[in-house]
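Protein sequences appear in the order of chains A and B. Everything in the first sequence is counted per the working numbering, starting at 1452 for the first residue and increasing by one. Everything in the second sequence is counted per the working numbering, starting at 1452 for the first residue and increasing by one.
Take these hints with a grain of salt, some might be off.
Note: identical chains are not told apart, hence a pair may lie in one copy or across any two.
Derived pair list, reagent style BS3-like, types lysine-lysine, alpha-carbon separation capped at 30 Å [as the list claims (entries may be wrong)]: (1) K1610 with K1559; (2) K1479 with K1662; (3) K1471 with K1483; (4) K1559 with K1474; (5) K1583 with K1632.
No lab work stands behind these hints, which were simulated from the structure alone.
Protein chains: 2
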Amino acid sequence: MDKKQENKKVFLEIVNQLRKLIKQEGIKPGEKIPSERVLSERLNVGRSSVREALRSLELLGLIETRHGGGTFLSAVHSNQLVEILASFILQENKAVEDVHIVRRMHEKEAIRVICSEQSLRSLPVWESLFMKLELENEIVRDLLLRELMIASGNRLALKIWLQLVAYSATPLKKLSTEEEKPLLQMLIKALQLGYEKEATSAYENWMHYLKNSSS
Amino acid sequence: MDKKQENKKVFLEIVNQLRKLIKQEGIKPGEKIPSERVLSERLNVGRSSVREALRSLELLGLIETRHGGGTFLSAVHSNQLVEILASFILQENKAVEDVHIVRRMHEKEAIRVICSEQSLRSLPVWESLFMKLELENEIVRDLLLRELMIASGNRLALKIWLQLVAYSATPLKKLSTEEEKPLLQMLIKALQLGYEKEATSAYENWMHYLKNSSS
DNA sequence: GCTCAAAAGTGGTCTGACCACTTTTCATTA
DNA sequence: TAATGAAAAGTGGTCAGACCACTTTTGAGC
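Kindly generate the complete structure, drawing on both the sequences and the hints.
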């Protein structure tokens, strides 16, 4: 009666059956799993259903398929992935503060990377932002952070950061004040000169200012 | 000729086509996407292929399907995160290096956080690890990193980190050597004393050693 | 024993069919 | 006219069969 609950998604049931079967047979990572036709017969389902389940597992990186060769348990990844993804989705309670922290961590690290590399420090975008800040009193704020993340050159970090931004409550939408401007200019200048310590310090001051001014 | 590279996984191509189509049509989360038969026709592929792609997306939580009703973009905003991670995991050959970099960034930040907080520095786990390292020559390596991430107290960072670990190539599976031990002890000691600079420095030396010793 | 072409095995894709369920349509009825 | 509800259309769920492309195994001929 209590197990009728999860009877909905059939192709998920096949995934479970598959996992069970793999455990029973003692199939180790890197080894071959039964062919689609065999699975279809053993599980009493159509081959297309088996394939739907297999493709899902493949997208998760749990199995590898070789055209004409067979299907193999992936050697690298463990199936912890699924649990992590799931728990990620189900959570979102007190995460707001954590998101901010991780976001700032990424931003600070980007600053460090840029400072440590001549070619990144001398990108024209910094001078451009500096100018824009001085002439028009535009909202350079978000733009600068974005450029920082892009310039640091790590695409994974950038993607994670973009997600964090999407999650952030971003209560910092006001126009730049006269007080904020010098903080930003200091950050950019330190960045261009490669003064890591000063840059990160300026960044922290900036963040501290934003935090206090929004309250 | 250069675009033949990614011609391998066709059902992944369908996933991309789908994403493109969703963007073109401006389909928002919660809204309905074209039926399987329509997609099959518009993308010039069989319905079963469309289904394989859809089931993958469903397993990732990106879409929801209602029997007889249709297929809908998932309304939960957190699913974008899943998409990013998933799409990243799949293609992107040179992603391995990025994963390592981001992973180390998280670890270094954890060290900084711990150093800056008395209560975290004095956790008994550090002394315990230090002892374990001296007596048994156990593989404290992964354990230490794990404890670092846990102790730093950011659950989001921890989950991201776990994710990264799962996808790290982790070629560092050898037993701890006599050379590695002092590096680790130095890190732990600096950590306990709150010497941030020394701790991060020890961490970087350690990572440098691991990198070189595995080749 | 070796070589290599044929056969068998396997994943990749498409088509058509049927079922179960939901949504829409629209003629009947109150 | 408005409400009802059964029929029709639309849609996902599943299966079976047929090819194709590719890999692995087999075994006949050398």
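Going through the hints against the structure:
For the homomeric pair K1610 and K1559, the shortest alpha-carbon distances inside one copy (16 Å) and between copies (20 Å) are both at most 30 Å. With identical chains, the CA atoms of K1479 and K1662 are at most 30 Å apart between copies only, with a shortest distance of 28 Å across copies and 45 Å within one. Only within a single protomer do K1471 and K1483 lie at most 30 Å apart by alpha-carbon distance; the minimum there is 15 Å, versus 34 Å between protomers. Proximity of K1559 to K1474 under the C-alpha cut-off of 30 Å is found in neither arrangement, the shortest distances being 38 Å within a copy and 32 Å between copies.
When the C-alpha separation of K1583 and K1632 is checked against a cutoff of 30 Å, the pair qualifies only within one copy, where the shortest distance is 11 Å, while the shortest distance between copies is 52 Å.
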